[in-house]
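Going by numbering that gives the first Met the number 0, the residue at position 139 of the sequence shown is 138; the numbering climbs one at a time, nothing skipped.
Don't read these hints as lab results, they were simulated from the structure. All C-beta atoms, glycine included, are put in the ideal place defined by N, C-alpha and C. Each hint should be verified, as a subset may be incorrect.
What follows is a list of derived Cβ distance ranges for each label pair [unchecked claim]: (1) R576 / P241: 51 to 57 Å; (2) A627 / P460: 18 to 24 Å; (3) S474 / P241: 17 to 23 Å; (4) P152 / A20: 29 to 35 Å; (5) D128 / S431: 48 to 54 Å; (6) A106 / P152: 47 to 53 Å; (7) H636 / R102: 46 to 52 Å; (8) S84 / L321: 56 to 62 Å; (9) A106 / D255: 26 to 32 Å.
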Amino acid sequence: MIQIGSGRAGGLTVRVLASPAGEGEAPFRLPAASAEWLRTRADLCRGRHLSVDQGAPGTPAPRQVGEALFRTLFAGQVGLLFAESRGTLSPQGEGLRLRLRFRLDPADPRLTLLHGLPWELLCEPETRDFLALSRRTPVVRSLDVPRAVPPLPPPSELRLLVAMADAPGHPLDLQRERRLLEKAWAGVPGIEILDLARTGIAALRETLLAAPVHVLHLMGHGEIDPATQAGTLVFTGPEGSPLAVTGETLAHLLKDFPALRLVFLNACDTGRVAAGPETDPFSGVATALVLGGIPAVVAMQLPVADTAAIAFSRTVYERLALGDPLDAAVTEGRQAIHALYPDTAEWAIPILFTRIADGRIFAPGSATPPPAAPPEAAAARLPRPLRRPWLPFPRARWLAAEAFLLALAVLLLFVHKTPDPPLQIERVWLGSFWIARYEVSNRELLRFVEQNPQWRRDRIPREFQDGDYLLHWTSPIAYSSGISDHPATHVSWHAAQAFCRWAGGELPTRDEWQRAAHAADTAYPWGPADLSGPARMNFCDVACRGDQRSVNPRTPELNDLHPGTAPVTAFPGGRTREGVFNLSGNVWEWCLDASSTERVTMGGSYSATFEECTTTEPSWEPPNLCAADGGFRCVWHLK
Numbered sequence: 000m001i002q003i004g005s006g007r008a009g010g011l012t013v014r015v016l017a018s019p020a021g022e023g024e025a026p027f028r029l030p031a032a033s034a035e036w037l038r039t040r041a042d043l044c045r046g047r048h049l050s051v052d053q054g055a056p057g058t059p060a061p062r063q064v065g066e067a068l069f070r071t072l073f074a075g076q077v078g079l080l081f082a083e084s085r086g087t088l089s090p091q092g093e094g095l096r097l098r099l100r101f102r103l104d105p106a107d108p109r110l111t112l113l114h115g116l117p118w119e120l121l122c123e124p125e126t127r128d129f130l131a132l133s134r135r136t137p138v139v140r141s142l143d144v145p146r147a148v149p150p151l152p153p154p155s156e157l158r159l160l161v162a163m164a165d166a167p168g169h170p171l172d173l174q175r176e177r178r179l180l181e182k183a184w185a186g187v188p189g190i191e192i193l194d195l196a197r198t199g200i201a202a203l204r205e206t207l208l209a210a211p212v213h214v215l216h217l218m219g220h221g222e223i224d225p226a227t228q229a230g231t232l233v234f235t236g237p238e239g240s241p242l243a244v245t246g247e248t249l250a251h252l253l254k255d256f257p258a259l260r261l262v263f264l265n266a267c268d269t270g271r272v273a274a275g276p277e278t279d280p281f282s283g284v285a286t287a288l289v290l291g292g293i294p295a296v297v298a299m300q301l302p303v304a305d306t307a308a309i310a311f312s313r314t315v316y317e318r319l320a321l322g323d324p325l326d327a328a329v330t331e332g333r334q335a336i337h338a339l340y341p342d343t344a345e346w347a348i349p350i351l352f353t354r355i356a357d358g359r360i361f362a363p364g365s366a367t368p369p370p371a372a373p374p375e376a377a378a379a380r381l382p383r384p385l386r387r388p389w390l391p392f393p394r395a396r397w398l399a400a401e402a403f404l405l406a407l408a409v410l411l412l413f414v415h416k417t418p419d420p421p422l423q424i425e426r427v428w429l430g431s432f433w434i435a436r437y438e439v440s441n442r443e444l445l446r447f448v449e450q451n452p453q454w455r456r457d458r459i460p461r462e463f464q465d466g467d468y469l470l471h472w473t474s475p476i477a478y479s480s481g482i483s484d485h486p487a488t489h490v491s492w493h494a495a496q497a498f499c500r501w502a503g504g505e506l507p508t509r510d511e512w513q514r515a516a517h518a519a520d521t522a523y524p525w526g527p528a529d530l531s532g533p534a535r536m537n538f539c540d541v542a543c544r545g546d547q548r549s550v551n552p553r554t555p556e557l558n559d560l561h562p563g564t565a566p567v568t569a570f571p572g573g574r575t576r577e578g579v580f581n582l583s584g585n586v587w588e589w590c591l592d593a594s595s596t597e598r599v600t601m602g603g604s605y606s607a608t609f610e611e612c613t614t615t616e617p618s619w620e621p622p623n624l625c626a627a628d629g630g631f632r633c634v635w636h637l638k
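Please put together the full structure from these sequences, using the hints given.
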């Protein structure tokens with residue numbers, strides 16, 4: 000720990016508070032060009048075609064700045080302690096964490112200057128090595144915060160919530176960033192990715208209340224308020240207008256979630272403090288979050304290229320999932336940027352602020368098992384966000400993992416009744432999970448709405464529906480008696496997942512749904528595409544209400560007798576060999592996984608053609624869609 004603070008006669012002193020070689024101190028003198036570096040720091044790190052050894056016109060080279068900072072910081076006894084401490088490290092990979100802390104009166108303008116200097120550029124003149132690019136010397140900024148960091152056992156998976164602060168009037172291509180993230184994070188093991196699009200403050204807090212989140216990844220537009228000089232993130236406010244949220248306000252919103260260990264701010268200016276004699280040195284977004292109790296914050300002190308930001312974040316999360324300390328993971332992220340742009344100092348743009356002394360965001364120990372299903376009331380408050388929503392579940396990967404079970408499936412499949420759920424939902428065992436025999440009916444959904452009034456038609460949050468939620472019901476909490484056993488439709492993905500969580504399960508992944516429908520073997524749940532004999536499914540044939548009727552030349556007069564939905568128990572001839580009904584036709588069924596902005600639906604519906612009702616072709620829809628031909632069913636996993 001290295002601290003720069005007040006010294007004798009109004010000067011500054013740098014103190015080594017803890018090191019392998021002991022403690023010590025030396026006078027600290029700000030480099031004469033510090034104020035100029037602060038003014039031109041954008042050119043120090045972002046010259047895409049400039050070498051680290053050649054700055055922009057009128058600007059020193061990044062390496063020169065780093066060497067000057069090194070000589071200033073490691074002068075006198077402090078430099079001797081640094082050299083001696085490095086000499087004590089074993090060659091097997093031990094490191095020396097450089098934790099920088101600035102402790103001055105907040106009214107002292109030098110504090111703002113210290114916070115604004117590019118310490119990540121620290122460079123040893125003799126070796127010409129940048130310290131922050133080595134795992135053996137990671138550079139970390141520490142704040143003196145009188146708040147303990149409660150220990151948290153390592154989870155079985157790192158739960159990461161990705162949210163966009165995407166407000167009107169700030170044209171950022173965040174959808175492109177999401178697509179790039181989707182591609183970059185594919186295959187990263189040990190990470191459960193949650194999704195919250197177009198983030199509002201209320202929606203963000205509700206999502207955090209629904210399930211523990213370990214890492215919040217916020218991307219969007221950051222800026223310094225010209226009136227208050229406070230750092231802000233621009234969210235979507237009431238009526239869709241932009242809402243500038245300060246770091247202090249965001250800290251108050253996040254402080255009630257002890258599982259949250261890291262906030263990753265992929266937004267410009269979130270890591271810096273405005274320069275000026277009257278500026279609060281802790282008014283930046285990142286510093287305000289740390290002061291507010293967040294254990295660690297990664298932020299950007301300047302705008303960073305999309306490709307660099309994505310390579311950085313992917314590497315950081317991958318290393319965290321593998322068990323690296325946070326500072327080591329950030330160092331590997333810097334290396335990922337350096338590999339993309341080896342001749343620049345863009346890798347120095349990310350800043351790590353932390354209150355965690357050893358860099359580990361989780362306490363040492365065994366990983367905790369996945370939590371049991373929450374109580375009904377808590378589960379119904381908000382749907383659990385997607386498990387890896389941007390990562391589809393390839394059928395080949397699932398079937399490879401379950402290959403030995405497939406060989407036994409015919410012998411082991413049996414009907415299983417739910418022991419004592421909120422509803423007696425009939426379930427079918429498929430070797431490693433249960434799936435509902437029938438689509439969720441209006442009668443079952445009514446039980447859910449009665450016990451969870453926040454999901455009534457007149458109370459559901461606007462962001463969780465498109466205006467047609469439960470449109471066919473006769474009132475906010477009632478449906479026509481004639482459709483009690485028909486599938487619940489006009490239900491958004493959010494409401495469907497909330498119901499399944501309330502019932503102790505969740506929506507099926509696309510892979511699980513296709514596994515139940517035998518999609519690996521046949522295009523339809525019952526087998527070959529045979530339309531002879533009794534109708535096997537409810538699709539758009541001659542009984543269809545629309546004019547897009549599916550006329551098959553072999554059976555031009557086929558009539559399933561249902562112009563709209565059919566009872567969930569209808570069409571026994573189309574059930575699977577295990578007895579699962581209506582996986583093709585009747586209603587499209589929501590699945591858990593998704594693309595960057597949409598959710599998967601499977602199976603076709605009463606308004607779809609025969610060819611659209613196969614078990615292999617998904618339809619992609621926005622999660623707030625409340626379609627007249629859309630429904631769902633649930634799955635349950637072994638605990």
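Hint check:
The given range of 51 to 57 Å is respected by R576 and P241, whose C-beta atoms sit roughly 55 Å from each other. At about 21 Å, the beta-carbon gap between A627 and P460 stays in the expected band of 18 to 24 Å. A hinted range of 17 to 23 Å is violated for the C-beta pair S474 and P241, which are about 37 Å apart. Between P152 and A20, the C-beta spacing of about 33 Å keeps the proposed range 29 to 35 Å intact.
Against the hinted window of 48 to 54 Å, the Cβ-Cβ separation of D128 and S431 comes to about 51 Å, which satisfies the hint. A106 and P152 have their C-beta atoms about 41 Å apart, which leaves the hinted 47 to 53 Å range violated. For H636 and R102, the Cβ-Cβ distance of about 50 Å falls inside the hinted range of 46 to 52 Å, so the restraint holds. At roughly 27 Å, the beta-carbon separation of S84 and L321 lies outside the given 56 to 62 Å, and the hint is violated.
In this structure the supplied range 26 to 32 Å holds for A106 paired with D255, their Cβ-Cβ distance being about 31 Å.
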